[in-house]
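Chemist: Residue strings, one per chain:
2 protein chains.
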Amino acid sequence: MNDRPRPCSNPAMLKHNTYFEGGVQSVGFERNGRRHTVGVVDAGEFHFATDAAERMTVVSGELWAKLPGEAAFRPFASGTVFEVPAKSGFEVKALAPAAYLCEFL
Amino acid sequence: MNDRPRPCSNPAMLKHNTYFEGGVQSVGFERNGRRHTVGVVDAGEFHFATDAAERMTVVSGELWAKLPGEAAFRPFASGTVFEVPAKSGFEVKALAPAAYLCEFL
Numbered sequence: 001m002n003d004r005p006r007p008c009s010n011p012a013m014l015k016h017n018t019y020f021e022g023g024v025q026s027v028g029f030e031r032n033g034r035r036h037t038v039g040v041v042d043a044g045e046f047h048f049a050t051d052a053a054e055r056m057t058v059v060s061g062e063l064w065a066k067l068p069g070e071a072a073f074r075p076f077a078s079g080t081v082f083e084v085p086a087k088s089g090f091e092v093k094a095l096a097p098a099a100y101l102c103e104f105l
Numbered sequence: 001m002n003d004r005p006r007p008c009s010n011p012a013m014l015k016h017n018t019y020f021e022g023g024v025q026s027v028g029f030e031r032n033g034r035r036h037t038v039g040v041v042d043a044g045e046f047h048f049a050t051d052a053a054e055r056m057t058v059v060s061g062e063l064w065a066k067l068p069g070e071a072a073f074r075p076f077a078s079g080t081v082f083e084v085p086a087k088s089g090f091e092v093k094a095l096a097p098a099a100y101l102c103e104f105l
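Sequences listed follow chains C and S, in order. Take the first sequence: its letters are residues 1 to 105, numbered as in the numbering used here. Take the second sequence: its letters are residues 1 to 105, numbered as in the numbering used here.
These are computed hints drawn from the structure, not numbers from a lab. All figures in this text were calculated on a predicted structure; none of them were measured in a lab. Accuracy of the hints is not assured; some may be wrong.
If you want the footprint, here are the derived chain S segments under chain C, 3+ residues with CB under 8 Å [to be verified]: (1) 14 to 20; (2) 47 to 53.
Quick list of simulated restraints, FRET-style, between CB atoms [stated by the list, open to error]: (3) Pro68/S - Gly89/C: 43 to 49 Å; (4) Ala72/C - Arg34/S: 26 to 32 Å; (5) Arg34/C - Pro75/S: 19 to 25 Å.
Quick reminder that beta carbons are idealized off the backbone N, C-alpha and C, glycines included.
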């Protein structure tokens, strides 16, 4: 049983997240007990640390990612997916704004 | 030539939109001169009017839509698409939070 305080009384509530002075923004939601976000990476290069593992699906445009243990960025076109292990991190960059779905695994 | 004032000096800037007291939220972006949003419809039923025509792609979960001229809601599963004519409107509902990509046509 988890008796820690729950800061959010409505688990279905949508949440706006903004990072890097607005260069990456997302809307978070929960379904079937799984956390997700959909968001946009503006043109630029950004570093994200992961707590849980994440599955990233590009839904519009193209993202480049440098994944843990990899030396270079690789392109991920719309419709493709990459996963990032827990307790790690990745670099992501976009040449033009690109949208993604992030599923926390 | 369009000489109207431009309220947004950086056309690539991402914009957070919130509707229905936060029940629908999105992040807007522009690429190749085309406006897009990615967002989430929380559980509930909502009406949207369209100015431009829109193509809606469900990217996570399931949305139900009642399109112009149709008498009933139809389900659109993740990966499916519906389009809405300009200067019209549609009803959308979700039984659980669902994410979409909206392209303004």
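Chemist: Taking the hints in turn, state whether each one holds.
Modeler: Structure-based check of each hint:
no., hint, in the structure
1, 14 to 20, "holds (count 3)"
2, 47 to 53, "violated (count 0)"
3, Pro68/S - Gly89/C: 43 to 49 Å, "holds (46 Å)"
4, Ala72/C - Arg34/S: 26 to 32 Å, "holds (30 Å)"
5, Arg34/C - Pro75/S: 19 to 25 Å, "holds (20 Å)"
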